[in-house]
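These protein sequence lines are chains A and B, in that order. The first sequence: position 235 = 235 (this note's numbering), numbered continuously. The second sequence: position 677 = 677 (this note's numbering), numbered continuously.
One or more of the hints may lead you astray.
[Said to hold, decoys possible] Quick partial rundown of chain A residues pointing at chain B, CB under 10 Å, derived from the structure:
| id | residue |
| --- | --- |
| 1 | Gly-137 |
| 2 | Met-138 |
| 3 | Asn-144 |
| 4 | Arg-234 |
Since the hints were derived computationally from the structure, they do not count as laboratory data. Just so it is clear, CB atoms sit at the ideal spot from N, CA and C, and this is done for glycine as well.
Spelled out from the first residue to the last, the chains are:
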Amino acid sequence: MSDVENKERSAVQAVVAGGMGGDAVHYDVIDAIRRGEGVEPTVHGEMAEVDSVIQTDDFKLWYGVAQAIHGISMDVPRGAVTALIGPSGCGKSTLLRSINRMNDLVDGVRVEGGITLNGAAVYEPTVDVIELRKRLGMVFQKPNPFPMSIFENVVYPLRIDGERRKSVLQDACERSLKSAAIWDEVKDRLKESALGLSGGQQQRLCIARAVVADPEVLLLDEPCSALDPVATIRIEELITEISERYTVLIVTHNMQQAARVSDYTAFMYLGRLVEYGPTGAMFQNPKLIETAHYVSGRFG
Amino acid sequence: MSDQVNQHATKRRTLPSAVGEPMVWLTGSALVLCLGMIAVLLVLVVSNGLRTFWPGDIDRMTLEGGEQVMGIRVAEDSEGRYLYRVGNRDIGQESFRWIDGEAIVEIEQPDDAVMLERESWGVWFGMPESISVLNDEGELHKVTDGSGETLDAFGEMHAAARIRRAQGEAMRKRELGKINRGIEAARLAISEAELGVDQRASASDRLGWVSWALVLASVVFAGLVWWVKRDAGVGIGAAGVRVGKMTRFGCAVVVIFGGIGLWVGGPWKTVGVTGETRDGVIAASAMEQERLQVEYERVLGEIRAGEDVDSRERFVVVEPTTGRFAPIAQTRGDEPMMLSQVVRLVQANRLGFFGKVKVFGGRWWEFVSTGPREANTEGGVYPVIVGTVLLTLLLTVFVTPLGVIAALYLREYAVQGFGTSVIRVAVNNLAGVPSIVYGVFGLGFFCYTVGRYVDTGPVAGSALSSGVWWGLFGLAVVTAIGSFGCSLWGKPDPGHPPSVVHRVLSKLSWLGWGVTVVLLVMVVARTPYFMGFFGARAAEGSPTFGARGLLWASLTLALLTLPVVIVATEEAIAAVPNSMREGSFGCGASKWQTIRRIVLPGAMPGILTGAILAMARGAGEVAPLMLVGAVKLNMDLPVSTTAPFLHADRSFMHLGFHIYDLGFQSPDSQAARPMVWTTTLLFLLIVFALNLAAIMIRAKLRGRTTGAAI
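So here's chain A without its partners, still in its complex pose:
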């Protein structure tokens, strides 16, 4: 079955079933995935032209015997914000954490296929995983500042590289706190514990920590899911600002957030890539009815 046919049938069925009541709608792609069948992802034509910084090539991942990712091939464009969306358990976070090999910390993980960062394979025995993680900044779902001073938190990546010069550390700290838009709030209390900050401030501190060593890509794993709406807005503004200098890959549950901050959006479902394209097209004119319904909150 070709993509075009697929899409048309989905659309027809959706129209027939009408607005409310998801049960009545038949989603061909989603149903096929649910049945465990392989489905070709719908990738928009624009994606073929981008300069990609991260590429996954038929990437599969198992936690023990349970497969979490079923062969994802996608290119993450350089210098843009790419959002991974999809319902819980679809493997977005797993994919993100596979890029900087945080999944190595989990026992019994097995992978197949490859991920490349600027053309260099990530899953090779020759790769020094520490070196790899130094090139990728990561921000986690729950703010996780270390139990030390704000200053020490920010310069932590430099400290572990053996940087001792006070002036270098201070400059780096100020620069990254400014780029994380938190400098004005904390500049007078750098020596105080980071745990005394509010949740939103803590998360921005974590972003400052992630960018202090100038990574190539910033991986954000649902950075706003533990924050209140005001803090969320600030982080979103920050992501937009930061994307001028860094490639950002963000996992989010929040459709509006993906629409607001990202340039490209990938919709995943049960470990498979469903549709991938420029954010505008994905939200206003998706090729699949599934995507249309998901981004408008009608299922998932």
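Given the structure of chain A, go ahead and fit chain B onto it with the hints provided.
Relative to the frame of chain A, chain B by itself:
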């Protein structure tokens, strides 16, 4: 629809156990019972411990039949009998005496009655009569006469006499001690020189110059290779990561082990002590000995002169029963005691409350600041306190890093599985092994095996020939490098499960490390190149480390308390949130950097809690100490102002053992009993103080490493 709504809830039964809170009473009273028992213990210890030093009134009783007895009442029983402390042991009476209340005709409390605390033979009760001076003809001339005049003059004269005596004792201890050490050192130098020729003759097969040069060349080569390959296989996508690591590790091992070999097997060491140098050393030492002997006589003369002055001032205190005075010594009953033999005079019946408080404070000060007298039943416990505190501190210093390292491996590095579970159970079981077993182990392993090795080197006849030894040494290097290689290649590729080859290799690596350790132990234990540090003294039958001592006692207790630290540290490490570790890894930190900068600081309060628990457990332990180093009396403190300042080889006194000794090994158990209470009280206070100090340190650290949010 409304008829379906339940309008009347059905009546439900309420069990008696749900009425009120009966369990509050049960749990509460159980707690009260537990706390009550502890409180009783504490009250008993504190009240008895404090009472010991409080000066009681001195009674002079006339009994039926005219006998007069003087003493302090310490107890009474239900049949109206009183227990009196009557002292005066050196004239042949029991120092405690039960007196029937009905047999007492008269009790009075004469103002001038005194209790003397003396250097030896316990207390003396009596009436002071005079202070006299012995002239050259051996006749006593009274300086004061009558109790009033004597007591008035006593204070000043006694203070002067005590200072004179203390100076004499200090001279004996310091100057004579120094000379004695010199003589001993010279004597040791002689016997070492005599022994040294034989020993070095037997160990003369060092490396030849050629082999030594070969080892040197390989060390230099390995060092160069390390330098050249320092960046091999580093970085993303670099080829030969494993080969690079392997090369660097191998080179490092060769450099380190080769360096040790170069030093141990240095051919220049074959020279040893020749006959001539030996004779020279012996002659010089003998001269030194003679010189010191002369010096010894001179100092001794000075001290004796001072003591002669001392011995002329006599104090006549007469007891009422027989009219005899306190003698200078038990065997010289016809001479009154020297003034300087009095430690303290308590004129108890004349003392007001504050006077008694002063005596009480003075006795406590004496208790904590001086050494014991009279088979530990009199005097103080200063050396005992020092021994206990040192032991406790040393054991904490040993056990904390050891336990933390073990727990770190178990929790952070080891693959969690059957193996780690078995080890955890085993560690917990170690905590239940009777402490005396640790004592036996400590004596057998630390004192008699490790200690003797330190003293004299390998057991006679067990040293390997140099050829075999170098063979084993080389084998150890090879197995170490091989095991490292096995573990490198035994790690599966990232994201892939281990294959059979990987499994076999990683098992092999474990085996290899085991073999390496065994080989290293053999290489160290049976080296022909080590003759021990204190061979000469051990040969005379007075081993230095090969006997019971502070070092081995603290190591034994460290072993005993190890499970406490491991368990506490493991819990503390597990309590550090995983998000912290992830954050650190995400920043590109290595495992060790994460542990060092995130996990350990976060776990520090818990680790210190473990150390505190270990300290408390170790401080209270007595049974193993009896085997590995605590003694009844050793006035030589394990710390001193002479090098090496901390004498970890010395045996020591310990409060726990002291309590046992006072209570059950004392010749005068009635006299010792109050001291048992006081020592117990002091022991509790010291353990409390040590714990308090540790808790305060922890609180300080906790404030520094965590913020308001946690």
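Against the structure, the hints:
1. Gly-137: holds (8 Å)
2. Met-138: Where the cut-off is 10 Å and the nearest Cβ of chain B is about 4 Å from A:Met-138, the hint holds.
3. Asn-144: Nearest chain B Cβ about 4 Å off; hint holds.
4. Arg-234: With a closest approach of 20 Å, the A:Arg-234 hint is violated.
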